[in-house]
Amino acid sequence: MDGFLTLLYKELLRFWKVSFQTIAAPILTALLYLLIFSHVLESRVDVFPGVGYKAFLIPGLVMMSLLQNAFANSSSSLIQSKVTGNIVFVLLTPLSPVQMFSAYTLAAVVRGVMVGLGVLLATLPLADLRFAHPVWILVFAVLGGSILGSLGLIAAIWAEKFDQMAAFQNFLVTPLTFLAGVFYSVHSLPEFWLAVSHMNPFFYMVDGFRYGFFGVSDVAPAVSLAIVAAFFLAVAAITLTLLRTGWKLRH
Amino acid sequence: MPSAIEVREVSKRYRSVRALSGVDLKIEQGEFFGLLGPNGAGKTTLISLLAGLARPDAGTLQVMGHDVVHDYRRARSALGVVPQELVFDPFFTVRETLRIQSGYFGLRHNDEWIDQILERLDLAAKADSNMRTLSGGMKRRVLVGQALVHRPPVIILDEPTAGVDVELRQGLWRFIRELNEAGHTIVLTTHYLEEAEALCGRIAMLKQGQVIALDTTRNLLRHVSGVRVRMRLEPDRLPVTLREWHVEREGDSEVLQLPDYAAVEPMLGMLRTGGVRVQELEVMQTDLEDVFVQLMRKS
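Top to bottom, those sequences are chains Z and W.
If you count by our numbering, then the first sequence holds residues 1 to 251, one letter each, in order.
If you count by our numbering, then the second sequence holds residues 1 to 299, one letter each, in order.
Everything labelled a hint here was simulated from the structure, so no lab data went into it.
Using N, Cα and C, we set each Cβ at its ideal position, and we do this for glycine too.
Be aware that a few hints might be false.
[Unchecked claim] Covered by chain Z, according to a simulated footprint, are these stretches of chain W (three or more residues, beta-carbon under 8 Å):
id, stretch
1, 40 to 52
2, 82 to 93
3, 109 to 118
[Stated by the list, open to error] The list that follows gives simulated cross-link-like pairs (lysine to any residue, SDA-like), each with its CA atoms no further than 25 Å apart:
id, chain 1, residue 1, chain 2, residue 2
4, W, K139, Z, P94
5, Z, K161, W, R132
6, Z, K161, Z, R244
Just need the whole structure built from these sequences, with the hints factored in.
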């Protein structure tokens, strides 16, 4: 237990020491998105009945920031350790694969939630936001953060250089989050793109999360929860297998 | 009592390179053991396998009786490793680094020992400095501290004095010696053969992934065959008959390696016959370097 807590503490301390870059900067980015998109689209896009575009957009931006920062945390920590070689300090210890997985993932969730909360608090005065089902908000936030934290570990275990890591982020994580219905309701899409959106697991994270605010969603929240939970279990199983076999970590 | 380290029939291959083949090695508790060999001999591979940084293709390795694969948690708790590469985490101070390392091993309130380590490694003044601001020698000492932080019974040091200046090197060895006297098993690889000779009770020499010599340091030195002599000659010219024993020229002297003491008399005879007088003659002590060179040539 102590080994796990120490690794968790180290991971938290790591991003906290550079919180200007890891917390404040992504909050500012999300605010800029809100400012620009709500200005351009407020009167043009219909989302849920009775929900203004700005209010609709905020939970999407909160979740997007949460997911991206959870991914950034575990992936950047591990790839830096691998490239600089200080990963040995962790590999030499009796820490088990489960302890490593839990510590890195939980730290990613904490950073994601801190950024998400920051975006939420900063945008709260700007729109009339409801909190219909707070428990759903929390559940989707934690599950979404865990999934991206795990994906960050997979990416960093696989990558050998920083540009491979960046490719994983730019060609997979960013498109999947942008196309997850952050900026629009997928029901406004043509049928083909609606079907494509339903193949994107990130869509269910955003949709379920948004249900927690408005009590309205594109897909039934229980369905989203089931899909997101299954996705988490799959990603966690892959990550644990990689850590157990020591793929690209222990030669 | 289990051996500190037991390696049985261990082989390891990296793609086409055979790093270790069929290595057997037993190191008892309390030993100060040297692992020597040229670059690429397999020393670091062996250490990586013991530390769990790599996995063997065949064979088993144990630390204090614990298998490094199946019982890795106990094996790693019993082992402290100073890696060869100068690695550090730039996010933390020296004290944070040691505290975190200690915590990984389940020791969360370990400040008394950490203070002692900082003191002995001459790092107390730098305890709250960021790792980035430290010199190479200081970073190396922090690595030593990290390996000792959980008081492991077995300590492996892979080239620990590279880049550490002479004074601090001596301080470091005093500390390591004390740990050895207190019962810790020490395994050392070093390029400074005089260090190994002065410190290690037993030595294994590796070449191309195999152990080619394993004995006490004293026996290894004794078994270096022959006698080495240095002579200044008048006239300064070595008779052709002595060429086969010639090793090198040192300043204005010639160094010869004779098969044994019995060869001294014939050598003098050959010099006389060649019309050469001996101005100075010195019988040289064999050191570990001679043993090393001879073994590496032979095998």
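Hints and how they fare:
1. Proximity of the stretch 40 to 52 of chain W to chain Z, defined as three or more residues with a beta carbon under 8 Å from a beta carbon of that chain, is established by the 3 residues found.
2. Taking a C-beta to C-beta cut-off of 8 Å, the stretch 82 to 93 of chain W contributes 8 residues in contact with chain Z, enough for the three needed, and the coverage statement holds.
3. Counting residues of the stretch 109 to 118 of chain W whose CB lies closer than 8 Å to any CB of chain Z gives 0, which falls below the minimum of 3, so the coverage claim is violated.
4. With a C-alpha separation of about 23 Å, the suggested pair W:K139 and Z:P94 falls inside the 25 Å cut-off, and the hint holds.
5. For the hint linking Z:K161 to W:R132, the alpha-carbon distance of about 22 Å falls within 25 Å, and the restraint holds.
6. Taking the CA atoms of Z:K161 and Z:R244, the gap is about 22 Å. The hint holds against a cut of 25 Å.
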